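Listed here are the chains, written in short residue letters.
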Amino acid sequence: MSKLRFFWEQSWLLLVSSLVFGVLLAIADTAWAPRIARNEVEKFTRLAGGMLPEAKRFEPLASKIPVDAGKGKTVQVEVYRAVDDSGRRVGWAFVCEGSGFADKIKLVVAADAGFEKLAGFGVLSSNETPGFGDKITIPGGFYQKQFVGAPAGTLTLVKTGDAERIDGEIVAISGATVTSQAVVDILNRYVSAVRAALQEQGLLTKE
Amino acid sequence: MADNQTSLARTFLAGLWQENPVLRLILGMCPTLAVTTSVQAALTMGASVIFVLIGSNLVVSLMRNLLKPHLRILMFTLTIAAFVTVADLFLKAYQPAMSAKLGPYIPLIIVNCIIICRAEACASKNGLLVSLADAVGMGLGFTGALAVLALVRELLATGQIVFEFGQKVTLVSLPDVPLFRMAGMAMPVGAFLTLGLMLGLVKMVTGKRS
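Chains A and R, in that order, are what the protein sequence lines are.
Here the first sequence stands for residues 0 to 206, where the numbers follow numbering that gives the first Met the number 0.
Here the second sequence stands for residues 0 to 209, where the numbers follow numbering that gives the first Met the number 0.
Bound-form chain R, shown alone (with noise of 0.2 Å):
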């Protein structure tokens, strides 16, 4: 029993630092380099990759021993689409301004690596219990390095960081000073810049660990 205890907090603390799908993984980089420009979009983004990791995690785990090796990924494909298409309904109808913002990017978590690796990887070979352990873990991590990125890269391009839930909330204000109106971090540039900036960083504080 303590055993599995030990199996399960090891599986979920993997995907939020040592295979973190973002920064130790490299995958998943579409989305977390095209919709960092606010952290309200870089959570909903996190948010809705929960919401299909733990769906599709879950169910292809339960099917696990059906599964006939050939067919496998177009099981997993199917299942993703499935549960993406829900968030992309859910987001049009409670979150249109946002289902707006993030246009293509909520569809395209079709596609995005974390989910079919966790499917294969994960999923596929484990019980209930791991698969949901795993997709929280990696979930959380992956929505955490979104954050961090859409947090720097929203504070140096606009000073701000605001949420818009019908009107605006603006949580920080920083000087109106150069430093933080540097728009070039609102575009593709200011993405590569400050991923590339955390990826040495984390290099950094694992390679002294190691």
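Chain A with its partners taken away, still in its complex shape (with noise of 0.2 Å):
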């Protein structure tokens, strides 16, 4: 009992604290969550709206599709499907994710309607060295640049090579090779599973 009460004593202020804090955070995230939210569907659909100029909306598929994470989790991946004025199918676009130097590093994907080449990638949040890793984030930069209209499969990294050449060869950015590898290994890791699952559904076909 006394050890209970020595616990109070000396802790009441702190356990009290968290409390009260808890509940400021609480009501601070549920009243600007869903402006977040909209505020992250609204870049989405900057980025992929850049990279697919066409695309009047994007309207997301009824089912998730799982792609492998790495270290045995599996997430679920929402695929949406680009669509101009008529309703004709010009592209498709997704979100996903993975380590970088520092931080996660979050993508938009885009892709060509047959799913064959990428539009290319933005990048929705990334807390990357400035400088040098952040320079991923640069729209039309030298290193977004060579994956518009590279192949929608495995892509490799290299440290020297021609960067106007767009192929399956990825040139690193210098000083931040770690990001750059990190980008490719997570278009490798979604880019080659969605396809795939829109191919077993049938969703590549010609319209």
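These are computed hints drawn from the structure, not numbers from a lab.
Small disclaimer: the values here were computed from a predicted structure and weren't measured.
All residues carry an ideal CB built from backbone N, CA and C; glycine is no exception.
It cannot be assumed that every hint is accurate.
In silico SDA-like links for lysine to any residue, alpha-carbon gap of 25 Å or less [stated by the list, open to error]:
| hint | chain 1 | residue 1 | chain 2 | residue 2 |
| --- | --- | --- | --- | --- |
| 1 | A | Lys158 | A | Ser191 |
| 2 | A | Lys105 | R | Tyr104 |
| 3 | A | Lys134 | R | Gly102 |
| 4 | R | Lys100 | A | Gly49 |
| 5 | A | Lys2 | R | Leu66 |
| 6 | R | Lys167 | R | Met186 |
| 7 | R | Lys67 | A | Leu14 |
| 8 | R | Lys124 | A | Trp11 |
| 9 | A | Lys105 | R | Pro95 |
| 10 | R | Lys167 | A | Ser124 |
| 11 | R | Lys91 | A | Asp102 |
| 12 | R | Lys91 | A | Ile35 |
| 13 | A | Lys134 | A | Leu156 |
| 14 | A | Lys134 | R | Phe162 |
A few chain R residues that don't get close to chain A, going by computed Cβ distances all over 12 Å [what the hints assert, rightly or not]:
| hint | residue |
| --- | --- |
| 15 | Arg9 |
| 16 | Leu26 |
| 17 | Cys112 |
| 18 | Leu200 |
| 19 | Val201 |
With the hints as a guide, dock the two chains, each given alone in a separate frame, to form the complex.
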């Protein structure tokens, strides 16, 4: 009993403060979570729309696609069909993520209507090293440009090469090999799996 | 009463110059060097720090008589973390572009020496008003130093001062000459150089006075 009393005397302020701050954070999160989610959707639409300029809206598929995220984890990926004004399919887009150099990297990846070539990728969130790894976030930068038109299959990172040539080889950002590799790994992990699932479901037939 | 007002004013003014956290105490160097590539980012970081400083100083001051000495750092960290999380969520909701630009540096305010230093040195020993004056003074001092550093870096790196509120607004635009297009000023080397020169200048000014 005396031990319990000692524990309470020592820690009551900490416990009460934790409770109060917990409630404060819960209120803030509840109040702003819808807006934060809306911001993410807007950013997704902006990024994916930039890669698929013909797209007028993005329609989510009825079911999510399971992708092996490594370490025994499977993530459910929401894949969006990009359609134009007439409802014709003009491409595909989805969000994927993986470990970068400093933190998780969250990407929007887009592919053409047949899922044969990538339309590129955009960065939803990343905390890579400013001046080095964060060059992956530059739209139209030398790193991102290499993915536009690249085959929607396995990509390979190389340290030197011709970045202008669009193929399965991606030239790394100098000084940011880990980040460059991380992006390639994320795409390799997700693109093939999503493509295979779409093919299996018969969704890649010509419209 | 007059003494109290003098003391409050002195506490407030100390943060602006005499005990400026960046220029005199050399505290909070991580965001100072990292987010000063643009004035808007520096001001956003400054506003976030002011919010967290005010919140943590007021709470710590309120609970100062209840604090157990061996648990005080834990209590400070808990308080600071709560306010930083609120600031982070607010930016993600209302300033998503700036939140993305500042990246990990907003959550990293939790370990900013300035906040915990003011909780320990001032708020845990003084009443609400003094703690508030200290938080506002220190916060403004920090924001001012960051803004000046960012102003120099952004101008020399891009030749422009640009604010983005949905769309870009160019406040200042300098001629397109090499002096105002030094890419290195936007990189870490530019931050170290500019901060070093600013600290040297401050030392020169204060040295002459003494």
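Consistency of the hints with the structure:
no. : hint                 : verdict
1   : A:Lys158 to A:Ser191 : holds (23 Å)
2   : A:Lys105 to R:Tyr104 : holds (18 Å)
3   : A:Lys134 to R:Gly102 : holds (14 Å)
4   : R:Lys100 to A:Gly49  : holds (20 Å)
5   : A:Lys2 to R:Leu66    : holds (20 Å)
6   : R:Lys167 to R:Met186 : holds (22 Å)
7   : R:Lys67 to A:Leu14   : holds (13 Å)
8   : R:Lys124 to A:Trp11  : holds (21 Å)
9   : A:Lys105 to R:Pro95  : holds (15 Å)
10  : R:Lys167 to A:Ser124 : holds (21 Å)
11  : R:Lys91 to A:Asp102  : holds (17 Å)
12  : R:Lys91 to A:Ile35   : holds (6 Å)
13  : A:Lys134 to A:Leu156 : holds (16 Å)
14  : A:Lys134 to R:Phe162 : holds (21 Å)
15  : Arg9                 : holds (31 Å)
16  : Leu26                : holds (21 Å)
17  : Cys112               : holds (21 Å)
18  : Leu200               : holds (25 Å)
19  : Val201               : holds (26 Å)
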